[in-house]
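The task is simple: from the sequences and hints, build the whole structure.
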Amino acid sequence: MTEDRSWTPIELSPEHAPPAGAFSPAVEAAGLVFVSGQVPRDPVSGQWVKDRPLEEQARRVFSNLALTLGAAGLELRDVASVSVFLADISHWGAVNKPSVRKVHFRGFQHIPPSRGLSQQVNRK
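Residue numbers (numbering that gives the first Met the number 0): 0 to 123.
It is worth saying that the hints were derived from the structure and are not from the lab. Backbone N, C-alpha and C fix where the C-beta goes; we use that ideal spot for every residue, glycine too. No false leads were mixed into what you were given.
Computed beta-carbon distance windows for the label pairs: (1) D3 to E54: 40 to 50 Å; (2) V48 to P97: 15 to 25 Å; (3) E14 to D87: 28 to 38 Å; (4) A86 to G45: 14 to 24 Å; (5) E14 to L75: 16 to 26 Å; (6) R122 to W91: 18 to 28 Å.
Right under this line is the structure:
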């Protein structure tokens, strides 16, 4: 079934685990590619590596981002902006520590894109 829409979903190859929810890994619209949020999840097994050191989690996130971009015919150097979402703003120091910044910097070939930060808010 083909739907008439102004964007096209980008799918990963069949050997990769499907998204953990009802969403596309990325979509292309008007010549731009929008990538869904990336988490430290093994792309083949689907298992999370969230109990691993933060640097390892960051490497997994960048690896997943590169995999998704590759499915769209792009690379990390094509990224113009990233958004960081934290459950607790006090984690910003850990995310911005030198060893994690090094992973971020290396992932973008030493020219990082713009970056925004948001904190999750839980309302009772």
